[in-house]
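Read top to bottom, the protein sequences are chains L and D.
Count the first sequence with this note's numbering and you get residues 34 to 475, in order.
Count the second sequence with this note's numbering and you get residues 13 to 489, in order.
One should not assume that every hint holds.
What the hints assert, rightly or not - Footprint (simulated), chain D over chain L, 3 or more residues, beta carbon under 8 Å:
id, segment
1, 265-272
2, 310-318
3, 332-342
4, 385-396
5, 417-423
6, 445-455
Derived by calculation from the structure, the hints in this document are not laboratory data.
From the three backbone atoms N, C-alpha and C, an ideal C-beta is built for every residue, glycine too.
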Amino acid sequence: MSARTRELFALIPVALLVTAGFTAVLITNSDQLGNLSVLYGGYFLALCVAVHMIIRIRLPDADPYLFPLVALLAAFGMVMLFRLNEGLARDQANWFVLGLILFSATIIFLREYEALERYRYLIALAGIVLLIMPRFLGHATNDAFLAVDLGPITFQPTELAKICIVVFLASYLNEHREVLVVGARNVFGLVLPPLKHLGPLLVVWGAAMVLLVFIRDLGSSVMFFGAFLALLYVATGRLSFVIIGLALFVVGAWFFAHTAAHIQERFDIWLDPFHDAGGSGYQLSQSIFAQADGGLFGKGLGDSLVQLPGCNHGFPDRCAILPAPHTDFIYAVIVDELGFAGGAAVVLIYALIAERGFKTAILAEDGFSKLLATGLTAIFALQAFVIIGGVTRVIPLTGVTLPFISYGGSSIVANFILLALLLMISDKARRRVRIQNETRLG
Amino acid sequence: MNRQIVKLFGFLLVLYALLFGFTSYWSIFDSSDLKANQANRRPLLEEQRIRRGTILAADGSVIARSRQVGSGNNKVYVRRYPQGGLFGNPIGYSFVTQGRVGFELSHNDELVGNQTEFLSVLDELRGHAQEGDNIQSSLDPAAQEAAVNGLAGRRGSVVAIVPSTGEVRAMVSIPEYDPNEIPKSFAQLNRDQSAPLFNRATQAGYPPGSTMKVVTATAALDSGDFTPSSTLSGRSPIEIEGVALSNSGGEQFGTIDMTTALTNSVNTWWAQAGEKLGKDTMFKYMERFGFNAKPRLDYPGFQRATSGVFDGNTLLGPGDLIDIGRVAIGQERLRVTPLQMAEVAATVANNGELMEPRLWSKVIDADGRETKLNPARQSRVMSEETAAELNDMMQNVVAEGTGTAGAVSGIDVAGKTGTAEISNGVNDAWFIGFAPADDPQIAISCIVEHTSGFGGPTCGPIFKAVAESILQGSSGG
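Model the full structure from these sequences, guided by the hints.
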């Protein structure tokens, strides 16, 4: 069976899951069942098959599992949002369509992703502009500058910035990895990169710190710096570089934790969310309480307690027992309704996507492709870890979206572009492998 | 670079394993502790969405039911109490804003249908929503009404117990409150000087006065130190613990036997008997009756007061400095609940065996399966012979002594009056007893606070009215 046919078949269970999910929510909400859920399932399948056809034409050799896995996450998100508020699901469906359009545009118009390497400084500049934009054009949510207001919609530039930064890092490290390794000096038992090339790396560290203080976005900061360390490690093979980087980050974070009140508070809440469960610790303790209600299999789709009884005005922005159930805390709602089994399934899907992404990096031939695939996969997987980890108190809570599941257009659109790049790398790598195999057999 | 990529993936899997671990910890392993966390309001909100079980009275009438408000995902159930204040104190209330008390609290698990997760998963698969069980209470509306009418607005309490099973047929505390008013006027009720939210039947500690002589008589007879014909002097006043003690109204008696002393409630006789028995024997029998421990009623712990001798809030024992002669006649620092004194009467009525008191008699689950109360023995307080002798003596009290007002026409009644003087001319008036004396169906205690009247004339008629109501009900079917 060809890769594309496998992809097509994998989309069918996803569409069935969407249908089943919508059915469950509809039954719980209204005790009646029309053909509505079948209709939604049908639309979903039609959209996915249309995009599948584009992949079939443009990227015939690309990894067959990535797109269905992403569709599965999107389906999960759509059902959860539908369960919270029908309007949110409709918005999200529109974003999903826009994401698919940009995904298709990327693979149709960006003929050679290697072209990105030539514009790496321009891309890096764009990334930095995107990152600091909210400070000037946006407003603060929970003390962090995360979004830019563009008329009726808000836009989270960080989501797009992460792709720009990864493209730059992959390209830069690919070019300099040799000198970083060869020029390394052993100083007091520590293997340090050569001073000449240390500069740019310190710049990246500095950028992460600026992000932390200027944008006050601990989550994105961890995500970017994590992806940077992952790339540095893969490019040079030197664990010591990673340890130095990590130490620098921890020192920086520790310093700001003691000087910047908002970061300090995040840490205090993390250490004891129940200390002020009615005040500063409210979000995290409610997140944990919601998960406690889930048990092994959850309360069932549509059956958990998300809305204050009798409060009907503008849920989920108001009246929510657990704040932001559609964005930051959607994972807690999933665990509440589908239990540990549901939460574990979500984490497993991210793990499988990461596996396909890293597999792509291993199959890729040239350094840039390898590093780009690694970087894109790492930042995607780290984003999922940062928000799920925050919601489950593994790490301090920060506000990043859960890729493909959380409500929000910027996140969906940016992650579809990320997926497009990953599939393009995969297509090229797997075509080479296929041709190699064919010539060997022929 | 491939080796590093594989290692990077491995590291990522370790991070994801942490997510698995923490998610399972919150959702499964630490789940019950989190649900019990003070800051967690979800269980309360959650229970609002469950149709809480109905509470029925012994005659099948509804005491409390849940009414649905709103619909779909936003529906909640709100508690209604169709009989208003008649069952206010014993049953209590259950509202999200004020929480719950009384029977509603002590039977919460059944009323909301709490069960293990395995069973709820089965229910989920069978398509059942969690639903509360219905509970039939042992309380009888006719008896409640008779008690409320008898007290006629005077502060006090009545408790009626079926001696052979421990079922509580009546539990009234005046002033009452209407639980339907709780969400609106809780603060006001809570401030009210007359303490309507305070269940006097189980929470109030009153001096028992001469009703305590039933306990003393039990100790005297059952220990073998006395017989009904044992004699002591009944002159007044005498010195007890160096302080003069008089009979009611300064009445003088010669050397009289125990039956006469109980019939006429001769204080000096019983104080001497108490001193002869001593603290150890007195406390032994008090504890058998349930004193010095929380009563074993199916009721919230904080609403069950202990009866005994108190110094402030400290419970005293036989090792403490106590004037046992005055304890024997219900004075000293003795504080008892109306429930405790009803248990004393019920024990004598049940041939000396105390049954654990119960407010429920039947649980009916959503599928109609019934679980009936299985009466539990609490203790053998006295021998059957002692109980029979005491029964005869208590019949005398009603036939020709201080308790004639408690007599019910056509049947023999056993009883004991009590009048505890709080200050000059202000008494707590008591009557405890049971009927019919030869085949006891009901044991009742009655107290009226701060009245100018005496135990017999004040509480006797209330005892009579409640007993008649219950005996008519049971004989009529």
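Right, here's what the structure says about each hint:
Counting residues of the segment 265-272 of chain L whose CB falls under 8 Å from any CB of chain D gives 4; the rule of at least 3 is met. Coverage of the segment 310-318 of chain L by chain D holds [criterion: at least 3 residues with CB-CB distance below 8 Å; count 3]. Counting residues of the segment 332-342 of chain L whose CB lies closer than 8 Å to any CB of chain D gives 6, so the stated coverage by that chain holds, three being the minimum. Interface restraint, the segment 385-396 of chain L with chain D: holds (5 residues with C-beta to C-beta distance below 8 Å; minimum three).
Coverage of the segment 417-423 of chain L by chain D holds. Counting CB-CB distances below 8 Å, 3 residues qualify, and the rule asks for three or more. Interface restraint, the segment 445-455 of chain L with chain D: violated (0 residues with C-beta to C-beta distance below 8 Å; minimum three).
Violated hint for the displayed structure: number 6, the only one.
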